[in-house]
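Chemist: Below are the chains, spelled out letter by letter.
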Amino acid sequence: MRTGVGFGVLALLGSALSGATQPVAVRPAAAAATTAVSFAATGQSIQTRTLANGLQVIVWPDHNIPSVALFNWVHVGSRNEGTGTTGLAHFFEHMMFNGTTTHARGEFDRLIESNGGSNNAFTSQDVTVYQDWFPRSALELVLQLESDRLANLAFAPQVVEKEREVVYSERRLRVEDSNPSFLAEQVQATAFVAHPYRIPTIGWPSDIKAWTLADLQNFYHTWYAPNQCTLVLVGDVEPEQVFALVEKYYGPIPRGPATAAVRTVEPEQSGERRLVVERSGQNPLVQVAWHAISADDPRAPALNLLQTILTGGDAARLHRALVEERKLAVAVDSGWSEGFDPNIYSIYATLPEGGSSEAFEQALNAELAKLLASGVTAAELSRAKHQVAASFWRGVSTIDGKARLLGEYAVMHGDYRKLFTAPDAYERVTAADVLAVARDVFKPEHRTVGVLLPRAATATGGEH
Amino acid sequence: MLAATILAGGVGGSGGAGTAVPAHATVTPAAPAANHVNVKVPANERITLPNGLRLILVPRHDIPLVAFNLLLRGGALLDPPGHDGTAALAADLLTHGAGSRDAFAFADAVEGAGGNLDAAARAEFIQVQGQFLAHDSRLMLELLADAVLRPRFDADEFDKLRERRIEEIKAARDSQPQALLGNYGRALLFAGHPYADAVSGSEASLARLTRADVTRFYAAQSGADRAILVVAGDFDPAQVRRDVGALFGAWPRASTPLAPLPAPARVHGRRLLLVDSPGSAQTYIWMANVGVSRHYDLRPALAVANLALGGSFGSLLNRELRQKAGLTYDASSRFTRGLVAGEFAISTFTQTDKSAQALQLALTTLAGFKHDGLDAAAIDSARNYLLGQYPLAFETPFDWAVALGDLDFYDLPESYIGQFGSALVATDAASIRQVIDGAFPSPDDLDIVLIGDAAKIRASLEKFGPITTMPLSAPEFVPH
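For the protein sequence lines, the chains are X and E, in the order given. Following this note's numbering, the numbering of the first sequence begins with 1 at its first residue and continues without gaps. Following this note's numbering, the numbering of the second sequence begins with 1001 at its first residue and continues without gaps.
Be aware that a few hints might be false.
Claimed, not checked - Restraint ranges, calculated between C-beta atoms of paired labels, are given here:
no. : chain 1 : residue 1 : chain 2 : residue 2 : range
1   : X       : E107      : E       : L1139     : 46 to 56 Å
2   : X       : L372      : E       : K1324     : 49 to 59 Å
3   : E       : A1105     : X       : G43       : 35 to 45 Å
4   : X       : T421      : E       : H1061     : 46 to 56 Å
5   : E       : H1036     : X       : S38       : 25 to 35 Å
6   : E       : D1159     : X       : G43       : 19 to 29 Å
7   : E       : D1062     : X       : T421      : 14 to 24 Å
8   : E       : L1261     : X       : L213      : 56 to 66 Å
9   : X       : A436      : E       : A1105     : 47 to 57 Å
Don't read these hints as lab results, they were simulated from the structure. Because the structure is a prediction, the values reported are computed rather than measured. The C-beta atom is built at its ideal place from N, Cα and C for all residues, glycine as well.
Let the sequences and hints guide you as you build the complete structure.
Modeler: Structure (structure tokens):
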């Protein structure tokens, strides 16, 4: 991310970058059919265009507040990187704010902010997303500035050096001073031996220090092109007005070169992998990861429901068994990175100080064995479907949430309209489907187990 | 859709940046029309029940969700001395077993409906918030009434939650030390005042708490006359009025009146608290003094001035520490404004060997801001930013449930939100100067907390003021 520092004491698990894709909030909708407003009908005012240069534009008018959310989804993430240039996609997320040949460094932020807008960006293993939130009066300015940095980025060497330090600071914050993130980075790198999902999105430290200007320029000219972008605008705008402005500002930008597909397929894992990390700290951590499926896999709704059943709330199965009843962990969570290619599904646990990772693993294995033998109950599945339905409605209650959902479906699932058929897909999932996907994913030979053992810090402080 | 024909070939990877795309003259957006600067506060109905409960209803039917926000005056301010975390544990337990449901049954009822319902203590109130699908509004209110009127405070749940909260603070020391800065800082800055209390408690104070402490606390501090309930979203107001009357009408008033909160005094001079985290890759820095309250009469000017100093990406602090110096990923400032003056704080972080340099640059930036003030362009920019961003905070029924609850709690008029835009437009340079002089501390009068590797940074910090050192692993937020 470009800005934003998590200060929540309770957000102990999950890593912003090494855990890969941003949390996907989309868990559409079983109960939608019973509500007064039809979910499928909410997107009827959406219009799309594709420019001659390949830029996809999606506009969802929403006049509730006089504001607009613009998300530019660039189809590049750390999975498109290679040895020696890890972290480049994320570094670009920073460089895109550092000046163009027509606007000096700092002008992008100065102009956006002084016209009432704010901005941010995030990078995942699959995509890089640029976000602006602004009053409708700034629409043309924002489109001008966004198109300018897509076409005319500057590469001043001294700016690159400064930003290298900023990114390193971000790495220290998110990874090196955070035990869960440090462990997650190691698990990711161990679970994958071939596919570039092994790369941490923020980059390995030596690469952050060593990128060259030529690396940056190559990356930019390859990936920052209109045919690699999906531009989503939601808010107080009219589609025709947006299309005309997008044509004016993006139309002249030439299509970029054809890009290399990620060819590498992760070979099937044929036995458990284990790793131990020793770090200063107080609480042991455990992360167990299994090779799972890709975002567009038809089993995805079932896997998302399974995730909700296992760790989605205080009534969820693993929370009840491992935190409340057995008290083997302080917190248990799980997550799945929905990517273009099959990524891992992880269960994360923070253990109490002095807690036994062996005891936790045994109990987790017993819970999973029970799941694989007996499946999930009708009550569990119903609860998960209701949770998914409500979180979907919460997702479309803001222009920001709409821009995120539209982009996710357009880019990660291939068509924004799938957002509006997703409720049916979730509604159709049966307990048998959930059991089947659990059996597909939770195979011991596809598992990587990471344990973080805390070392007591040697205090040097005394009172003065 | 247009046909996707190829207009031009790819751009070569040769050295130069940029393509042959013509530059447009930068667009200057028109200033927003006067009627567009203000956020419209939605129609709402306010009722006070015979037992003193204040009910605010904000119906809106575009999305089939209903949200609520309940504030119970008191909060962590009322934690008995040495028992930080009492209100936090009490609040936690409200949703871990209530009425006829044990903890699992309660969670199952909430999650089974796809709802959420969370309780937490803040400094000045206990807050219970949630959101449900519209057709579950009756269930939502029943669960809320159980939580606040009939919490079970089961012994087993108490033991588990207390232990878990202790472990979570330990885990934050391993993974999010910056999240703990405010706990150390407020303990120092507000020593002797209730704001010094760590809302979550510390490992040591939580370990001292008994179930009886928490039960007694809630029995004494809960009462309908201390509560504000806002319901917003897709519901039938007549039905919700009836439901609230039936479900909350028997809630007794609190047994005692709330004592007034004294105003904290500003600190003079500088003190440093160095929290030692051996091996830490960077140093987390927080510096503060007492600021202003929620009733500060120059709030629009305050918002402009703080935005310019440290409230956005393009603010002075971030420009100096991040963009120009490359010392950090983030530098910011904020006011916490409560019933009385909370803190004004600057926070940032940097790599260990740059700690003194970053601290110095933050102090220099604050000094420059105090001395030079803001020029007309900076004022305009900050004002426009605030005008443009303000509506985004009032988008959903849940946002309004929170906002109207806050207004009622702090006894502020609707114009606090509804006329904020016009007030920003009317803010002049003189009032901003007045705010910079009056509300922002001098860089010479600050309590400064640093979490970092003391052995490596202590010597470089001595020039900033007297240093007290304590280990990050200590189970509390104040030195012995």
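Chemist: Which of the listed hints are broken here?
Modeler: Per hint list: 4, 6 and 9 violated.
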